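Undergrad: Sequence:
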Amino acid sequence: MKIQKIYKELFRTYGPQRWWPVHPRKKRQGFDPVFEILVGTILTQNTAWTNVEKAIENLFIAGVLDVPAMCTVRPEKLKRLIRPSGYFNAKSKKLKVLARHIRDHFDGGAGTMAKTITREDLLALWGIGPETADSILLYAGNRPEFVIDTYTKRLCAQHGVYHNTYDDYKTFFENALNADAKMYNEYHALIVRWGKEQTV
DNA sequence: AGCCAGGACTGAG
DNA sequence: CTCAGTCATGGC
13 MKIQKIYKEL FRTYGPQRWW PVHPRKKRQG FDPVFEILVG TILTQNTAWT
63 NVEKAIENLF IAGVLDVPAM CTVRPEKLKR LIRPSGYFNA KSKKLKVLAR
113 HIRDHFDGGA GTMAKTITRE DLLALWGIGP ETADSILLYA GNRPEFVIDT
163 YTKRLCAQHG VYHNTYDDYK TFFENALNAD AKMYNEYHAL IVRWGKEQTV
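Per this note's numbering, the very first residue in the first sequence carries number 13; after that it's consecutive.
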């Protein structure tokens, strides 16, 4: 009912958000923009995006923003590079788990993984929870999985809608909307945009 | 000077 | 299974 109306309202207010933001880098051997998105979903966990940008830039400059390099880079070096994005001990492990899983199971690389992996298999990876899994499927794989975050719950609360688990919120949105990846993409980004202007 | 940011894991009860 | 505690940097 009014889930779609809220979307139109947000879109009219803020316009298209054009997620996922990927830095316009020079092409070079082995560089895959989809992998940059995957790295971003890990690094932005409970972290301001401006800090994530610094970390991703460090990775790129060091030549570590690709699957083979991420697999083999020494943990101490990796931690140093991603330090601006916080939680560097945990996130360095998460990045290696992710990169090694791509290397070991997807010959086509990050793009193939994002387009073919199941949500269940993503959730089985250490460091990937429900929001990160859905962000990967939606923003890297262009697949219709609605992403729930704290802003989404805040928006629901403001309209008197409350659920228990992450999956309850996810089902609530997906039942009310068409399974449209492009629209899911904008909707979640718009909710984040909205959330940043709330005082709380 | 705290508080929060585009969360997820762990250990207790 | 539920849930507080923990992790860490940078901006305001």
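No wet-lab data here; the hints were simulated from the structure.
Computed from a predicted structure; not experimentally measured.
Take these hints with a grain of salt, some might be off.
[Claimed, not checked] Here are the computed lysine-lysine pairs in the DSS-like style, where the Cα-Cα straight-line distance is at most 30 Å:
#1 Lys165 <-> Lys39
#2 Lys108 <-> Lys39
#3 Lys105 <-> Lys165
#4 Lys17 <-> Lys105
#5 Lys14 <-> Lys165
#6 Lys89 <-> Lys194
#7 Lys194 <-> Lys165
#8 Lys17 <-> Lys39
#9 Lys20 <-> Lys165
#10 Lys38 <-> Lys182
#11 Lys108 <-> Lys17
#12 Lys208 <-> Lys182
#13 Lys20 <-> Lys38
#14 Lys38 <-> Lys89
#15 Lys14 <-> Lys38
#16 Lys91 <-> Lys194
#17 Lys89 <-> Lys39
#18 Lys17 <-> Lys182
#19 Lys38 <-> Lys165
#20 Lys91 <-> Lys20
#21 Lys91 <-> Lys39
#22 Lys91 <-> Lys38
#23 Lys194 <-> Lys127
#24 Lys182 <-> Lys39
[Claimed, not checked] Between beta-carbon pairs, the in silico distance windows are:
#25 Gly172 <-> Glu69: 16 to 26 Å
#26 Gly75 <-> Ala102: 21 to 31 Å
#27 Asp116 <-> Lys20: 35 to 45 Å
#28 Arg131 <-> Met195: 15 to 25 Å
#29 Val34 <-> Gly207: 32 to 42 Å
#30 Asp116 <-> Arg92: 40 to 50 Å
#31 Arg37 <-> Met195: 37 to 47 Å
Where a beta carbon is used, it is the ideal one built from N, C-alpha and C, also for glycine.
Undergrad: When you check the alpha-carbon spacing of Lys91 and Lys20, does it fall within 30 Å?
TA: violated (41 Å)
Undergrad: Straight-line Cα separation of Lys38 and Lys182 no greater than 30 Å?
TA: Not OK: Lys38 and Lys182 at ~37 Å, beyond 30 Å, violated.
Undergrad: Is the Cα-Cα distance between Lys14 and Lys38 30 Å or less?
TA: Not OK: Lys14 and Lys38 at ~43 Å, beyond 30 Å, violated.
Undergrad: Are Lys208 and Lys182 close enough, with their CA atoms no more than 30 Å apart?
TA: Given that 30 Å is the threshold and the Cα spacing comes to 21 Å, the pair holds.
Undergrad: Given the hint that Lys91 pairs with Lys194, does the C-alpha gap stay at or below 30 Å?
TA: Between Lys91 and Lys194 the Cα gap is close to 34 Å, so the pair fails against 30 Å, i.e. violated.
Undergrad: Do the alpha carbons of Lys194 and Lys165 lie within 30 Å of each other, as the hint requires?
TA: Holds, because 21 Å separates the two Cα atoms, which is no more than 30 Å.
Undergrad: Quick check on a hinted range of 40 to 50 Å for Asp116 and Arg92, using CB atoms only.
TA: For Arg92 against Asp116, whose Cβ atoms are near 26 Å apart, the range 40 to 50 Å is violated.
Undergrad: Given the hint that Lys182 pairs with Lys39, test it: the Cα-Cα distance must not exceed 30 Å.
TA: violated (36 Å)
Undergrad: Per the hint of 15 to 25 Å, is the separation of the Cβ atoms of Arg131 and Met195 within bounds?
TA: Since the Cβ atoms of Arg131 and Met195 sit about 19 Å apart, the hinted range of 15 to 25 Å holds.
Undergrad: Tell me if the straight-line CA distance from Lys108 to Lys39 falls inside 30 Å.
TA: holds (23 Å)
Undergrad: Using the beta carbons of Val34 and Gly207, state whether their distance is inside 32 to 42 Å or not.
TA: Given range 32 to 42 Å: violated, Cβ gap about 22 Å.
Undergrad: If you draw a straight line from the CA of Lys20 to the CA of Lys38, is it 30 Å or shorter?
TA: violated (36 Å)
Hints 1, 4, 6, 8, 10, 11, 13, 15, 16, 19, 20, 24, 25, 29, 30, 31 from the earlier list are contradicted by this structure; the remaining hints agree with it.
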